[in-house]
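Sequences listed follow chains Y and P, in order.
Counting in the numbering used here, the first sequence runs from -15 upward without gaps.
Counting in the numbering used here, the second sequence runs from 73 upward without gaps.
Simulated from the structure, these hints should not be mistaken for lab results.
As the structure is a computational prediction, the values presented were derived from the model and not from experiment.
One or more hints might be untrue.
Capping the alpha-carbon separation at 30 Å, the derived lysine-lysine pairs in DSS-like fashion look like this [to be verified]:
no., chain 1, residue 1, chain 2, residue 2
1, P, K312, P, K334
2, Y, K(-14), P, K334
3, P, K244, Y, K(-14)
4, P, K395, Y, K146
5, P, K198, P, K312
6, Y, K(-14), P, K312
7, Y, K28, Y, K144
8, Y, K146, P, K312
9, Y, K144, P, K159
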Amino acid sequence: MKLARDTWLIFQRQLHLLLRNPVWVFVGVFQPVMYLLLFAPLLKPALNAPTQAEAYKIFVPGLLVLLAIFGGLFQGFGLIAELRAGVIERSRVTPVSRLALLLGRSLRDVVSLLVQAVIITLLALLFDLRVFIGDLLLAYLMLALIALMTSAVSYGVALKVKSEDALAPLMNTVAQPVLLLSGILLPLAFAPGWLQGIARWNPFSWAVDGTRALFAGDISNDRVWQGLTIIAVLAAAGVYWAARQFARSVR
Amino acid sequence: MMADGGHERGEVMIETRGLRKSFRSRAGRETKTVDAVRGVDLDVAAGEIFGFLGPNGAGKTTTLRMLATLIEPDGGQATIAGADLRKDPGEVRRRIGYVAQGGSTWDESTAREELVLQARLYGISKTEAQRRATRALAAFQLTEFADRKCKTYSGGQRRRVEIALGIIHEPKIVFLDEPTTGLDPQSRAHMWDEIRRLRADGMTVFITTHYLDEADALCDRIAIMDHGEVVAEGTPTDLKREISGDVVQVGLDVATTGEAEKLLAAEEYVSRLETLEEGGLRLFVDEGATAIPRILRRVDGAGLELRSIELHRPSLDDVFLTKTGRSLRES
Chain Y
-15 MKLARDTWLI
-5 FQRQLHLLLR
5 NPVWVFVGVF
15 QPVMYLLLFA
25 PLLKPALNAP
35 TQAEAYKIFV
45 PGLLVLLAIF
55 GGLFQGFGLI
65 AELRAGVIER
75 SRVTPVSRLA
85 LLLGRSLRDV
95 VSLLVQAVII
105 TLLALLFDLR
115 VFIGDLLLAY
125 LMLALIALMT
135 SAVSYGVALK
145 VKSEDALAPL
155 MNTVAQPVLL
165 LSGILLPLAF
175 APGWLQGIAR
185 WNPFSWAVDG
195 TRALFAGDIS
205 NDRVWQGLTI
215 IAVLAAAGVY
225 WAARQFARSV
235 R
Chain P
73 MMADGGHERG
83 EVMIETRGLR
93 KSFRSRAGRE
103 TKTVDAVRGV
113 DLDVAAGEIF
123 GFLGPNGAGK
133 TTTLRMLATL
143 IEPDGGQATI
153 AGADLRKDPG
163 EVRRRIGYVA
173 QGGSTWDEST
183 AREELVLQAR
193 LYGISKTEAQ
203 RRATRALAAF
213 QLTEFADRKC
223 KTYSGGQRRR
233 VEIALGIIHE
243 PKIVFLDEPT
253 TGLDPQSRAH
263 MWDEIRRLRA
273 DGMTVFITTH
283 YLDEADALCD
293 RIAIMDHGEV
303 VAEGTPTDLK
313 REISGDVVQV
323 GLDVATTGEA
333 EKLLAAEEYV
343 SRLETLEEGG
353 LRLFVDEGAT
363 AIPRILRRVD
373 GAGLELRSIE
383 LHRPSLDDVF
393 LTKTGRSLRE
403 S
């Protein structure tokens, strides 16, 4: 199938270029590990959790969603460099699938996020975090969908604005309220009613709740399927929109 | 229209009729529509090197990008290598190659990686793509640097990689947007040879340029574009012949140029004349050999001092001047 083949070609290239740059690999692993080692210890007293393991059950899923959102939203920068180098235009004169140009890149981002997620989970196991493998895989699915959506949106916006100077403030403006209103760092259970009310409109807050439920072993919690559904629909919409940007005239 | 390659007479590679494109640009609160291309008709035969000339902003690149399926025309028709541009851009993409002006290689990739990927994007199998990449690297004298990152290449080497990328799928036509801009004279001459080699391999080459000497030396036929329209089309020789006769250039002081202009404009053998900024005149005459003595007598008789007199055949610049009313150099 042409789409699958084209996507694989783009994915391979992007992954290859990522691995060739050891700085990115290092940063990608180092940052989350720092969060885990230097921020997480504050949580047991702050969250009033009975044990360190309980604190990690709340914090680790939030951290993973955070990485998925931010990792995705900032992928557009690389695309602007590719635009400038003429690589995108060179692809667009070939019969390659436009959807593949997007999916190959976004799937690379999903894979690199999942690698980060696995590293963090393994480290957290050392701190007595325990989670069932089935629940964990479902949580990873949630993370993959989030990363797919945010990276697709970032690529689409990058093709529209075509400049780092516009992309950076735009993405920060989006990311900040999303972060604060999703209960990523601290659960919104601590929040006053009005804040919880606003947060209900933030799809990521559903995703965070769902992921936390999975880490707590509470797979039957409604937030799990609700979060997955909301994010899946948004990811599909994001991919559709961004692929159209690849099909349209760029530069 | 006849190509000199081994192609059948009359085989048309590009045919456009009334191709149009306008852009909307916003300046402050006002939105205005700029007609970048206003109805272009082109006929390019198989096996030609076709040159597309014009000053910056004439609509060359917009036309080229339309033909390469990168932007959609607002109106008109085009058939490229037998495929309909408006109805089947996918098929056009399969049959053409395109080399952009600003480059198309990624700093961190090697030439070989770029070539293999590009071939595979056209649906070519992995082994065949690798074979073609190796062959292209040899043909463009890149084998030595094949596995080094593109950022280490010189301007000329990088341009060769880009041309190789444009033809890795063996298209029938390749579009080259200003392929020699920014190259040193030696790389430029080298590039001309590469382009001629493409034609020898049976490819039709469509290039844009703003070097008239390049168009003259390299192209079988040219079209001159100005303000979004084709103002002249033909072989360089025919276009130059169209400007009948010879050009006599006389050097004068700026102060006396005006007087000489009046004198010589009245002569019946001078069909047209232009004043030069630095002082002097360009006279279009039927026959230079007989005109020169008469010009000399006339100027001398009026007591004006002549600094120089030169006879030349009309150049493409003269064609350009006649067709567009300005010199390409000053535009």
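Hints, one by one, checked against the model:
A threshold of 30 Å between alpha carbons decides the hint, and for P:K312 with P:K334 the separation of about 26 Å falls inside it, so the pair holds. Among the hinted pairs, Y:K(-14) with P:K334 is inconsistent with the structure: their alpha-carbon atoms are about 72 Å apart, more than 30 Å. Distance hint between P:K244 and Y:K(-14) is fulfilled; the C-alpha atoms sit about 23 Å from each other, no more than 30 Å. Note on P:K395 and Y:K146: the hinted pairing is violated, with a Cα-Cα distance of about 38 Å set against a maximum of 30 Å.
Note on P:K198 and P:K312: the hinted pairing is violated, with a Cα-Cα distance of about 49 Å set against a maximum of 30 Å. The straight-line distance between the Cα atoms of Y:K(-14) and P:K312 is roughly 50 Å, outside the 30 Å bound, and the hint therefore fails. Restraint check for Y:K28 and Y:K144: not satisfied, since their Cα atoms lie roughly 44 Å apart, outside the 30 Å limit. Taking the CA atoms of Y:K146 and P:K312, the gap is about 44 Å. The hint is violated against a cut of 30 Å.
For the suggested pair Y:K144 and P:K159, the alpha carbons sit about 26 Å apart, so the restraint of at most 30 Å is met.
Checked against the numbered hints listed earlier, the structure breaks hints 2, 4, 5, 6, 7, 8; every other hint is satisfied.
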